[in-house]
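If you're matching them up, the sequences are chains A and B in order. The first sequence maps to residues 3 to 334 in this note's numbering. The second sequence maps to residues 3 to 334 in this note's numbering.
Keep in mind that the hints were calculated from the coordinates and are not lab data. Please note: incorrect hints may appear among the correct ones.
Which copy? The list can't say, so a pair holds if one copy fits it or any two copies do.
Unchecked claim - Mimicking DSSO-like on lysine-lysine, the simulated pairs with C-alpha atoms at most 30 Å apart in a straight line are: (1) LYS142 / LYS307; (2) LYS72 / LYS309; (3) LYS307 / LYS112; (4) LYS217 / LYS307; (5) LYS142 / LYS316; (6) LYS185 / LYS217; (7) LYS112 / LYS229; (8) LYS185 / LYS208; (9) LYS208 / LYS112; (10) LYS72 / LYS229; (11) LYS217 / LYS142; (12) LYS309 / LYS165; (13) LYS142 / LYS229; (14) LYS290 / LYS72; (15) LYS246 / LYS290; (16) LYS246 / LYS117; (17) LYS117 / LYS290; (18) LYS290 / LYS217; (19) LYS307 / LYS229; (20) LYS72 / LYS217; (21) LYS307 / LYS117; (22) LYS208 / LYS142; (23) LYS165 / LYS142.
Protein chains: 2
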Amino acid sequence: MAKAASSSSSSLSFEPLAIGIDIGGTGTKFGIVDRNGNVLFSSEISTRGHSQVEGFIDELYNHLHTLIEKAGGTGRMRGIGVGAPNGNYYSGTVEYAPNLPWRGIIPLAKLIQNKFQLPTILTNDANAAAIGEMMYGAAKGMKDFIMITLGTGVGSGIVANGKLIYGHDGFAGELGHTIIIPKGRYHEGTGKYGSLESYASATGVKLTAIEMLEKSEEASMLRDTPKERLDSRRVYEAAIAGDKLAKEIFDFTGEILGLALANFVMFSSPEAVILFGGLTKAGDLILKPTRESMENNLIQVFQNKVKILVSHLKESDAAILGASALVWDMKA
Amino acid sequence: MAKAASSSSSSLSFEPLAIGIDIGGTGTKFGIVDRNGNVLFSSEISTRGHSQVEGFIDELYNHLHTLIEKAGGTGRMRGIGVGAPNGNYYSGTVEYAPNLPWRGIIPLAKLIQNKFQLPTILTNDANAAAIGEMMYGAAKGMKDFIMITLGTGVGSGIVANGKLIYGHDGFAGELGHTIIIPKGRYHEGTGKYGSLESYASATGVKLTAIEMLEKSEEASMLRDTPKERLDSRRVYEAAIAGDKLAKEIFDFTGEILGLALANFVMFSSPEAVILFGGLTKAGDLILKPTRESMENNLIQVFQNKVKILVSHLKESDAAILGASALVWDMKA
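In isolation and in its complexed conformation, chain A is listed as follows (with noise of 0.2 Å):
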């Protein structure tokens, strides 16, 4: 900003912008936002189209090329912010994300910076919603709250005395893969049994409908639905309509996941858990018995002061927002 206001450029005449690029486990979001958060340009490619990294960077670079045409040219962007699954800050490295069709250690920022020819700077995709709650959204004010994203995978960002925890190597908050059911549900990405993530994420939801289908022998409308178009969305239709076995998932759900927050809780003492992603639409339905669950594990100097808010900006801008977030804390 100071270098705007004190320079005569043409190309500086203008409010400087920031590009916000979220690669998630299915899809990549990106899209240009101005310092008051208003995303003026967005769209969005799919993360699974290429085995080799580099051509997911060039096919995302001729679709946000667009973008940055129609907001002014690549002079007005002040640099890009990236999130992404397994997202290193201090390296700008993506390694060994289990959600992620790419395998090892990928020098992400650099291979964008260099594609772009402008300052990339990138963090773990949970890390860049916590800065956009954190700047915009339910989170404004609060200096220790733990940011749960309940997508493909399961993701967080904590932040404590007003700042993100990295940790000594970058990789703080990977409270999805935190064990909670310990010889639990097996996690194809990780190996591991039990983890957060394999109950609580889409896939397993889904899997959970799966089991609880084939162990009951309750009706349910849910049995109309073919098994690979399970996801809770349907499961919600069903238990807003009655269905019990529909509620009963909810019901699971909520209870692993309310174990986790309470561990959480006990961990770093946060005024708020905010939830963001698909399975927080179910409301109270997942809402009420995650609440419970979190309050019966917490021991008593906890109980009855946490809150666990929903996220309330815009899902399809929301990932992008905290992505462009990171921009504005960049050195010059």
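With chain A held as given, fit chain B onto it using these hints.
Frame of chain A; chain B shown alone:
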């Protein structure tokens, strides 16, 4: 220090000293410490002798006053630092501590300050230990680590970005109460099931020993020890003498502790976990299964890089050191 240097008053011509008080579930240790971490005088009383906290503070005052006189009188004391289970740094209170004899909310810092007429600051006992390790011990120079105290209870202090995490209410870091085995062993003090403390505390190891001796038909020299005298020292002695069941007790405890540590690592990604307390005296008998279990439960990105260290501070000094270290940070 600045005060002492700029004054010519005789009572300040000595180096200022700090008082450290560590209130544990069983005993309360206290001592007088110089700025370099030398414990000049120290002693101990039982925590369990008084059902009213005022009686406890009177006894503490009588014992500590003798030490203060020996060290040059109240005028040399910069202040008092107190570590206590469920101690709150912000409010100076101890709230609903399951391992202490006093119920409800106790304004401990205020009571001690009034009795001694010295500025008093209080925190969770394990937070105090973490500060002690950071100033004088195994965590010197670290900015991200987790301290776990394995005593009567299991306490913890979490340091991220070089600062203790206190949370929004001052109660962060109650990792002993996180649920590791859902529906697992009952914890008398909290009424919860399957917490880390119900397995990895002194009481936990004793219960595991009793359970394993009852379940198994195997010969064991531990069968010669009366139940009430089974503790980690006895189990250790049996294990190094080749007792198979004794080794299994440590394996079981290490498996649960390691699982818990994996979850903590995936939260804050520390450089090291520092263990302190009686159980660590068993050395590799407990550390080896703990390390193995931790690595087994970590996702790849965290594997083989987090150290598990044992505190090398003298046990009788460490808690006092940590509590006294709070004083040097106090606002004058």
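Violations among the numbered hints, reported as their numbers in ascending order: Numbers 2, 4, 7, 9, 10, 11, 13, 14, 16, 17, 19, 20, 21 and 22, in rising order.
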